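Q: At position 116 of the first sequence the residue is numbered 116 (our numbering), and the sequence of numbers has no breaks.
Bear in mind the hints are in silico, worked out from the structure with no lab data behind them.
Given the structure is predicted, the values throughout are model-derived calculations rather than measurements.
Some clues are possibly wrong.
[What the hints assert, rightly or not] In silico SDA-like cross-links for lysine to any residue, where the CA-CA straight-line distance does not exceed 25 Å:
1) K433 x M466
2) K433 x R315
3) K313 x K247
4) K198 x Y233
5) K136 x V17
6) K285 x H270
7) K99 x G192
8) K242 x L230
9) K576 x A546
10) K247 x Y275
11) K362 x R315
12) K455 x D422
13) K645 x T623
14) K340 x R315
15) K119 x D229
16) K232 x I490
17) K136 x S9
18) K362 x K136
[As the list claims (entries may be wrong)] If you anchor each label on the Cβ, the simulated ranges turn out as follows:
19) S512 x I490: 56 to 64 Å
20) K250 x R651: 23 to 31 Å
21) D451 x K579: 55 to 63 Å
22) L464 x K129: 49 to 57 Å
23) K129 x S9: 35 to 43 Å
24) F13 x L464: 49 to 57 Å
25) G175 x A458: 45 to 53 Å
26) L114 x K295: 47 to 55 Å
The beta carbon of each residue, even a glycine, is placed where N, CA and C say it ideally should be.
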Amino acid sequence: MRVMLPDGSFKEFETEVNGLEVAKTISTSLSKAAVAVRVNGELRDLSDPVPDNAEVAILTSNDDDGLDIMRHTIAAQVLARAIKNLYPSARLAIGPTIKDGFYYDIAFEENISLDDLEKIEKEMHRIIKEGHKIEKKVYNRADAISLFKDRGEDYKVKIIEDTPNSDAFQIYHQGETSFIDLCRGPHLPSLGKIGAFKLTKVAGAYWRGNSQNEMLTRIYGTAWRTQEDLDKYLHQIEEAEKRDHRKIGKEMDLFHLQEEAQGSVFWHPHGFTIYRELESYIREKIYADGYVEVKTPQLMHSKFWEASGHWDKYRENMFVVPDVVPNIELNGPVFKEEPKEFMALKPMNCPAHVQIFKHGIKSYRDLPIRMAEMGCCHRNEAHGALHGLMRVRQMTQDDAHIFCREDQIGEEVKRFVALFKDVYNDFGFTNIKLLLATRPDKRAGTDETWDKAEKAMADALNDLGMDFEYAPGEGAFYGPKYEFHLVDSIGRTWQCGTCQLDFVLPERLDASYMGADGGRYRPVMIHRAVFGSFERFIGLLIESTAGIFPFWLSPTQLVISGVTEANNPTAEALVKKFKAEGIRVEFDGRNEKISYKVREHMNAKVTYVGIIGNKEQENGTITVRRLGVNEQETYTVDEFLTKMKEEIKTRALPPTPKDSE
RNA sequence: GCUGCCGUAGCUCAGUGGUAGAGCACUCCCUUGGUAAGGGAGAGGUCGGAAGUUCAAGCCUUCUCGGCAGCACCA
């Protein structure tokens, strides 16, 4: 028999071989470093026999797949066994790998807290030191079930029982120990090849991801090839946490949240400056792109939401208000009578926009109508879902609904993606994940319509050269959608922009236009938002910039101070001059040293600190230091003003810092 | 909503049963200093809330509210 290696060469063998034996014929060092093998594109254990004529690649922990296998082994063999040793009554569920690490879901009888992780880690190190071989055995269904049943591992039993059409279950053993684990593998051949790891957090997770099921304890860990890699990763996380928008929001005095208004933002002057700039920015963009802007009611009667379908499908996420005059008797009930009529705060703007569309008769010639609203929406989000600016209960969307004919969908979708690309470019966002969410099982509309819609959306992205992934079955029931995700400081992704085709709402709310033939037709609605919500977008902007905003968005663009009190009048006059030119500038005349003031303003993320000393006073210049660049530069007053105005006009991104810490 | 952890001064945090602390910020005084903390003094907290145990509770118990991480949810 023979196998093909990644370089295209062949190895001949007399008898059947496994991956390890193939590795040995290549080099001794490779066979020692080998963690698993890829056979015809599939990951397998080194001990698995290799079929004739297979393509074979030996993996080490230097390969991404190899590293992933190592993480898997740490979870399923080391962590799981440590848990069973320390907590014999614990039952194991599943232990997969994730980005940068792994987790294991376990049913404990006792409470596991962060403090227990140290003890578990210690046991893990002890187990690794034993260096047992990891061996795989295959059992038939009945044997596999009885094996785990005897040990009370009912989650493993459930997993086997719910795996149909299989009578071969892989169970990994560890040397002479009694530890076993059901696993699809592959695993390292022995515990001797494990790199550096650390258990990071403990949290709850529902069995099989279903909130109807019991909650298990999930232990997270991270693992790397070497201690050095691990340290680097942990350091990165630490650095990233400094960019947390909640922390920077406090430091820059941008906003706050308080418990009487959970999930609703108190925007402070600095934060609202950013908000306002973004608002006028996006207005400028969409006006140039042919949108019209409207404003619709906050509070509408339940009948309205019944018609739109929200009352049935979305009510648990709505704030409902009884339409009754409240009672003001001392110590009396809030309402004297049981409320019969209800209003609700709008969770979305779309149904209201349809009402505007329906006023007057629309012709096919009127379409498309691109109807925008900076719409303030309230959603009754679960308490546990709230997260700083990222997930709030009151948000303002840069929302719009495009009413168009079916033949205009492709063009309109493309137009939106182009707008989106343009905007995200302006903010320097590069790490954008784009998903095309396709038809879910439960859906409205014919397959023909879905085919057309999905194709139009995919074509638009291809035409624009945008990379995207499909999210099968994740579309809205009324149509496919794009989801634009951004990544926060610690790697969580948040959906910002979206673009959704909707064939259903115009039908439900009976919107129509008159075609060229005089017949009545349903418009298609495209729901779309570029920022998503101002709140979330600003949160992500804070984290991506670490508070070093582009000049045009900077809440305080410049602080000017004299070197001594004698220079202050000149400094103050300059502040007045710049302020009159629209620069957000402040005067700092406090009795402190320059270095102190510089430090303070840099910490507060002021873009420029400008200093006026005797030299500047004589020459009509200003010496500035820019946040993130940290070098002194001297300009004439007019030069500096021109420079600032130019940066605002072009909405320039901040210069990249030269000295990286 | 669920699981776990946390809640002390404006901020960051120390304080495990015996008279509430530190640094920064704030106010005042000295200092007039050329680019990331000059010096001194002062003011500031019913320790998230309620109930309980105790001679005594920031600390122990129960309930409750909030925050954090993850899960579920995210039209």
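Q: If a hint holds in the structure, say so; if it does not, say that too.
A: Tested hints:
1. K433 x M466: 10 Å, holds
2. K433 x R315: 30 Å, violated
3. K313 x K247: Status violated; Cα separation ~36 Å.
4. K198 x Y233: Since the Cα atoms of K198 and Y233 sit roughly 11 Å apart, the hinted pair holds (cutoff 25 Å).
5. K136 x V17: 16 Å, holds
6. K285 x H270: With a Cα-Cα distance of about 23 Å, the restraint between K285 and H270 holds, given a limit of 25 Å.
7. K99 x G192: 23 Å, holds
8. K242 x L230: 19 Å, holds
9. K576 x A546: With a Cα-Cα distance of about 30 Å, the restraint between K576 and A546 is violated, given a limit of 25 Å.
10. K247 x Y275: 18 Å, holds
11. K362 x R315: 31 Å, violated
12. K455 x D422: 23 Å, holds
13. K645 x T623: 17 Å, holds
14. K340 x R315: With Cα atoms ~16 Å apart, K340 and R315 stay inside 25 Å; holds.
15. K119 x D229: Holds: K119 and D229 sit about 23 Å apart, inside 25 Å.
16. K232 x I490: 14 Å, holds
17. K136 x S9: 30 Å, violated
18. K362 x K136: The hint is violated at about 69 Å.
19. S512 x I490: 56 to 64 Å: 48 Å, violated
20. K250 x R651: 23 to 31 Å: 26 Å, holds
21. D451 x K579: 55 to 63 Å: Holds: the Cβ-Cβ distance is about 59 Å, inside 55 to 63 Å.
22. L464 x K129: 49 to 57 Å: Hint holds: Cβ distance 55 Å, inside 49 to 57 Å.
23. K129 x S9: 35 to 43 Å: 39 Å, holds
24. F13 x L464: 49 to 57 Å: 51 Å, holds
25. G175 x A458: 45 to 53 Å: 52 Å, holds
26. L114 x K295: 47 to 55 Å: 48 Å, holds
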